[in-house]
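> Please put together the full structure from these sequences, using the hints given.
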Amino acid sequence: MDISAGDTAWILLCTALVMLMTPALGFFYAGLVGKRNALSTLLHSFFVLCLISVQFVLWGYTLAFGPSQGGLIGGLDWFGLAGVGVEPNLDYAAGVPHLAFVAFQMMFAVITPALITGAFAERVSFKAFILFTLLWSTIVYAPIAHWVWGVGGWLRVFGSLDFAGGTVVHISSGVSALVAAVVIGRRLTKTEPHDATMTILGAGLLWFGWFGFNAGSALAANGLAANAFIVTNTAAAMGALTWLTVSWIHRGQPSALGAALGAVAGLVAITPAAGFVNVPASIIIGLGAGTICYLAMLLRPRLRVDDALDVWAVHGIGGTWGAVATGLFASVAVNSAGANGLFSGNPELVLKQLVAVSATWLYAGVMTAVIVKVIQLTVGLRVGEEAEVVGLDRSQHGEIAYQAD
Amino acid sequence: MELAALASFALLVVAWVALPLRRPADIVGTIEPAEEQRAA
Numbered sequence: 000m001d002i003s004a005g006d007t008a009w010i011l012l013c014t015a016l017v018m019l020m021t022p023a024l025g026f027f028y029a030g031l032v033g034k035r036n037a038l039s040t041l042l043h044s045f046f047v048l049c050l051i052s053v054q055f056v057l058w059g060y061t062l063a064f065g066p067s068q069g070g071l072i073g074g075l076d077w078f079g080l081a082g083v084g085v086e087p088n089l090d091y092a093a094g095v096p097h098l099a100f101v102a103f104q105m106m107f108a109v110i111t112p113a114l115i116t117g118a119f120a121e122r123v124s125f126k127a128f129i130l131f132t133l134l135w136s137t138i139v140y141a142p143i144a145h146w147v148w149g150v151g152g153w154l155r156v157f158g159s160l161d162f163a164g165g166t167v168v169h170i171s172s173g174v175s176a177l178v179a180a181v182v183i184g185r186r187l188t189k190t191e192p193h194d195a196t197m198t199i200l201g202a203g204l205l206w207f208g209w210f211g212f213n214a215g216s217a218l219a220a221n222g223l224a225a226n227a228f229i230v231t232n233t234a235a236a237m238g239a240l241t242w243l244t245v246s247w248i249h250r251g252q253p254s255a256l257g258a259a260l261g262a263v264a265g266l267v268a269i270t271p272a273a274g275f276v277n278v279p280a281s282i283i284i285g286l287g288a289g290t291i292c293y294l295a296m297l298l299r300p301r302l303r304v305d306d307a308l309d310v311w312a313v314h315g316i317g318g319t320w321g322a323v324a325t326g327l328f329a330s331v332a333v334n335s336a337g338a339n340g341l342f343s344g345n346p347e348l349v350l351k352q353l354v355a356v357s358a359t360w361l362y363a364g365v366m367t368a369v370i371v372k373v374i375q376l377t378v379g380l381r382v383g384e385e386a387e388v389v390g391l392d393r394s395q396h397g398e399i400a401y402q403a404d
Numbered sequence: 000m001e002l003a004a005l006a007s008f009a010l011l012v013v014a015w016v017a018l019p020l021r022r023p024a025d026i027v028g029t030i031e032p033a034e035e036q037r038a039a
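The listed protein sequences correspond, in order, to chains A and B.
With numbering that gives the first Met the number 0, letter number 4 in the first sequence gets 3, and the count goes up by one each step, no holes.
With numbering that gives the first Met the number 0, letter number 8 in the second sequence gets 7, and the count goes up by one each step, no holes.
Treat the hints as calculated values from the structure; they're not laboratory data.
There could be a bad hint or two in this list.
Some but not every residue of chain B turned toward chain A, in silico, with C-beta under 8 Å [claimed, not checked]:
| hint | residue |
| --- | --- |
| 1 | Met0 |
| 2 | Glu1 |
| 3 | Ala3 |
| 4 | Ala4 |
| 5 | Ser7 |
| 6 | Phe8 |
| 7 | Leu11 |
| 8 | Trp15 |
| 9 | Leu18 |
| 10 | Leu20 |
Okay, the calculated beta carbon distance ranges per label pair [said to hold, decoys possible]:
| hint | chain 1 | residue 1 | chain 2 | residue 2 | range |
| --- | --- | --- | --- | --- | --- |
| 11 | B | Ala9 | A | Gly84 | 30 to 38 Å |
| 12 | B | Ala3 | A | Pro300 | 26 to 34 Å |
| 13 | B | Ala17 | A | Glu398 | 45 to 53 Å |
| 14 | B | Ala17 | A | Arg301 | 26 to 34 Å |
Where a beta carbon is used, it is the ideal one built from N, C-alpha and C, also for glycine.
Now the structure itself:
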């Protein structure tokens, strides 16, 4: 098949949109931490963008998308992108250069470990963070991406649906964040969000970039991309409206930060469903995300886990809801390459979705525990107490975010 | 599906109209009284 100029332009544009999401996530997170950790939190996201950009072209892509080794992981045939050129790969994206598909997937691989850094905030050493990111991307992200999206991946063959990364990106990062937070332990003192405006700016930019994430996952400039685009926007809006309302009922006031968190929860939940559900379903998915993720956020402190920025509640639970909702609302009227869900007469898809969710929870949780424990026993995980009190900006980087107090 | 979606949105609109805006206890006393309260 010939390369399509329109499809190629669209995918390259979407790649740039998804790239923007990682620094946007940095702003989203940095606003939620204390001002002595704002710079280190921003750097986490920025550093992951750089680190995984190199890791992915060397071995990340081939492990995720290379020729399947028993449905579990890709082979090393495309190590260093050997043999990957401008000719399209007919299995993945027939109308665009293979390198454009690599670049698009790279940005997904970048943002996923960056999401986990919200659980590390304000106490993990920079050295431990680097090691964790590199190991997690290789041992956790690449295999799960292969299971779900790789040709021959066992979940893809099994028939579970994940349009843009509900399991691969959000459940994997959310569950890993929870496990990492358990092993790392709680902060010495909890801090209040130091700049809510930064968080809302970050949420707005995430929303903007998410159009590339979801609509780009159609891998062509076509009607499916348009469907993904509008359901993404609708679910984000409903997530924000719902979270704000639930927080209003619960705490007596509509929360501005709640609107930002709710929009992200809605975006997370629609991610696996964006190419399989219609607009009315996206309203219900957004409503569910705003409610369920808010309740999960309330539950998390009762678990006595210091997942500092609620990555598990928003991404782990939001991604799980989205995956299940895909099993409920999917319709071949939206995407003939998909499947019907429960409400279109096919309850089997819900079971398939639950298998994918369970496998991702289990694998991401266990492997993250192993990775974090190994780092703890070798180079150590946390900064010292004095460094934590001073803040990571000064103690880890010798810099501060703000000159004036 | 369309009706369920409409009902979801309507539920939110009703909540916005019905919900009171409370002042939580922890900020009472930290806010300057409004002019009309001072005059009273």
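> Give a verdict on every hint.
Structure-based check of each hint:
For methionine 0 of chain B, the interface hint holds, the least distance from its beta-carbon to any beta-carbon of chain A being 4 Å, beneath 8 Å. Below 8 Å, beta-carbon pairs count as interface contacts, and glutamate 1 of chain B has one with chain A at about 5 Å; its hint therefore holds. Interface hint status for alanine 3 of chain B: upheld, as the beta-carbon distance to the closest one in chain A is roughly 6 Å, under 8 Å. A hinted interface residue such as alanine 4 of chain B counts as satisfied when its beta carbon comes closer than 8 Å to some beta carbon of chain A; here the least separation is about 4 Å, so the hint holds.
Below 8 Å, beta-carbon pairs count as interface contacts, and serine 7 of chain B has one with chain A at about 5 Å; its hint therefore holds. With a least beta-carbon distance of about 6 Å to chain A, the hint placing phenylalanine 8 of chain B at the interface is held under the 8 Å criterion. For leucine 11 of chain B, the shortest C-beta to C-beta distance to chain A is roughly 5 Å, which falls under 8 Å, so the interface hint holds. Here the hint on tryptophan 15 of chain B is kept, as its CB sits about 7 Å from the closest CB of chain A, short of 8 Å.
Interface restraint check for leucine 18 of chain B: the shortest CB-CB distance to chain A comes to about 5 Å, inside 8 Å, so the restraint holds. For leucine 20 of chain B, the shortest C-beta to C-beta distance to chain A is roughly 6 Å, which falls under 8 Å, so the interface hint holds. For alanine 9 of chain B and glycine 84 of chain A, the Cβ-Cβ distance of about 54 Å falls outside the hinted range of 30 to 38 Å, so the restraint is violated. Separation of alanine 3 of chain B from proline 300 of chain A is about 32 Å and conforms to the stated range, judged on CB atoms against 26 to 34 Å.
About 49 Å separates the C-beta atoms of alanine 17 of chain B and glutamate 398 of chain A, a value consistent with the hinted range of 45 to 53 Å. Restraint check, alanine 17 of chain B to arginine 301 of chain A: a C-beta distance of roughly 29 Å satisfies the suggested window 26 to 34 Å.
Going through the hint list in order, the structure does not satisfy hint 11, though it satisfies all others.
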